[in-house]
Amino acid sequence: GENVEQHPSTLSVQEGDSAVIKCTYSDSASNYFPWYKQELGKGPQLIIDIRSNVGEKKDQRIAVTLNKTAKHFSLHITETQPEDSAVYFCAASIGYSTLTFGKGTMLLVSP
Amino acid sequence: DVKVTQSSRYLVKRTGEKVFLECVQDMDHENMFWYRQDPGLGLRLIYFSYDVKMKEKGDIPEGYSVSREKKERFSLILESASTNQTSMYLCASSLLGLAGTDTQYFGPGTRLTVL
Chain A
1 GENVEQHPST LSVQEGDSAV IKCTYSDSAS NYFPWYKQEL GKGPQLIIDI RSNVGEKKDQ
61 RIAVTLNKTA KHFSLHITET QPEDSAVYFC AASIGYSTLT FGKGTMLLVS P
Chain B
1001 DVKVTQSSRY LVKRTGEKVF LECVQDMDHE NMFWYRQDPG LGLRLIYFSY DVKMKEKGDI
1061 PEGYSVSREK KERFSLILES ASTNQTSMYL CASSLLGLAG TDTQYFGPGT RLTVL
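Each protein sequence line maps, in turn, to chains A and B.
One point on numbering: in the working numbering, the residue at position 9 of the first sequence is 9, and numbering is uninterrupted.
To get the working numbering, take the position in the second sequence, counting from 1, and add 1000.
Keep in mind that the hints were calculated from the coordinates and are not lab data.
Since the model is a prediction, treat every value here as computed from it, not as a measurement.
It is possible that part of the hints are untrue.
[To be verified] Only pairs whose alpha carbons sit at most 25 Å apart, straight line, appear in this in silico PhoX-like list of lysine-lysine:
1) 57/A <-> 68/A
2) 42/A <-> 1053/B
3) 58/A <-> 103/A
4) 71/A <-> 57/A
5) 42/A <-> 1013/B
6) 1003/B <-> 1055/B
7) 1053/B <-> 1070/B
8) 37/A <-> 58/A
9) 42/A <-> 1003/B
10) 1003/B <-> 37/A
11) 42/A <-> 68/A
12) 103/A <-> 1057/B
[Said to hold, decoys possible] Here chain B is said to cover these stretches of chain A; the calculated rule only asks that three of the stretch's residues, wherever they fall, bring their Cβ under 8 Å from a Cβ of chain B:
13) 17 to 23
14) 38 to 44
For each residue, glycine too, the CB sits at the ideal point set by N, CA and C.
Construct the complete structure from the given sequences, taking the supplied hints into account.
Listed below in C-alpha cells is the structure:
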C-alpha cells in the first residue's frame, strides 16, 4: 500500500519567517495530496490540497508544490504568525480511495 | 458548515470492558472513518464505511469493530478494551467523491484511557 513520509517532525520558526514541510509518497498512482492542520484540542482541518495534474497551488500565505517525478510534495507557509502554530499532516490517495497520512509536523511560531 | 460530533471528549475505561465510541455527522455524507492518533505515529485508519451497513477494514482493525445502522452515525466498538488501545480516536466524514472532492471533515476527537 501507499507509504507517506513527512519531515521534519518538529519545526520552530520566528514570526515572519517562512516554513516548509516536505512529504514523499511511494505509489506513483497517487493523485490527490491534501494538507491538514490540527490545532490543540481540535480535529484536523483541510487547509489546501493539490491534484496530480497541477504542479503548484497557492492560497494567500500557504502554497503546495508537487513533483510527480520525484514523488514528493511540500507545504510552504510565508510570513508565519503565532496562529500558524499547530500540527500539520500531509496525505496521499489514489482516486477517491482512503487517505494515507504522514506522521505529522509540529510547527511552533515564536513571536 | 459540516459538523462532526463525537459522543465524549474524554473517556476512562477498565481493561476488558466493552467500549462504544459514537460519531454523528450532519451533512449527509456517504463516507465515514475512524482513526486513532498516537504521538509519532500520525493518523492511522481503523475502519471506514461508504454506505449504511457497509464497512471496510483500514490499516489497523484488530481489536475493533464498527457499526453503521444509519447514514449519519458511525460507531466504533472495542469488544474487550486493552491498555494498548489507550489513544485519541478521531471520526471523520466525506462525500462519496462524485462531487470531485475528497475533503474529510473531522470531529474533535475522544481521548480514551484504558486502565
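Now for the hints, and whether the structure bears them out:
Restraint check: the Cα-Cα separation between residue 57/A and residue 68/A comes to about 14 Å, which is no more than 25 Å; the hinted pair holds. Distance check on the hinted pair: residue 42/A and residue 1053/B sit about 28 Å apart at the alpha-carbon level, beyond 25 Å; violated. With a C-alpha separation of about 23 Å, the suggested pairing of residue 58/A with residue 103/A holds against the 25 Å cut-off. Of the supplied pair hints, the one linking residue 71/A and residue 57/A holds, its CA atoms being roughly 16 Å apart against a limit of 25 Å.
As the CA atoms of residue 42/A and residue 1013/B are separated by approximately 22 Å, the hinted pair is consistent with the 25 Å bound. Using a Cα cut-off of 25 Å, the hinted pair residue 1003/B and residue 1055/B holds, with the two alpha carbons roughly 22 Å apart. Simply put, residue 1053/B and residue 1070/B have alpha-carbon atoms about 8 Å apart, close enough for the 25 Å limit, and the pair holds. With a CA separation close to 16 Å, the supplied pair residue 37/A and residue 58/A stays within the 25 Å bound.
A distance of roughly 13 Å separates the Cα atoms of residue 42/A and residue 1003/B; the hinted pair therefore holds under the 25 Å criterion. Distance hint between residue 1003/B and residue 37/A is fulfilled; the C-alpha atoms sit about 17 Å from each other, no more than 25 Å. With a CA separation close to 32 Å, the supplied pair residue 42/A and residue 68/A exceeds the 25 Å bound. For the proposed pair residue 103/A and residue 1057/B, the alpha carbon gap of about 20 Å is at most 25 Å, so the pair holds.
A stretch counts as covered by a chain when three or more of its residues have a beta carbon under 8 Å from one of that chain; for the segment 17 to 23 of chain A and chain B the count is 0, and the coverage is violated. Residues of the segment 38 to 44 of chain A with a Cβ under 8 Å from some Cβ of chain B number 4, which satisfies the need for three, so the listed coverage holds.
Hint violations for this structure: numbers 2, 11, 13, all remaining hints satisfied.
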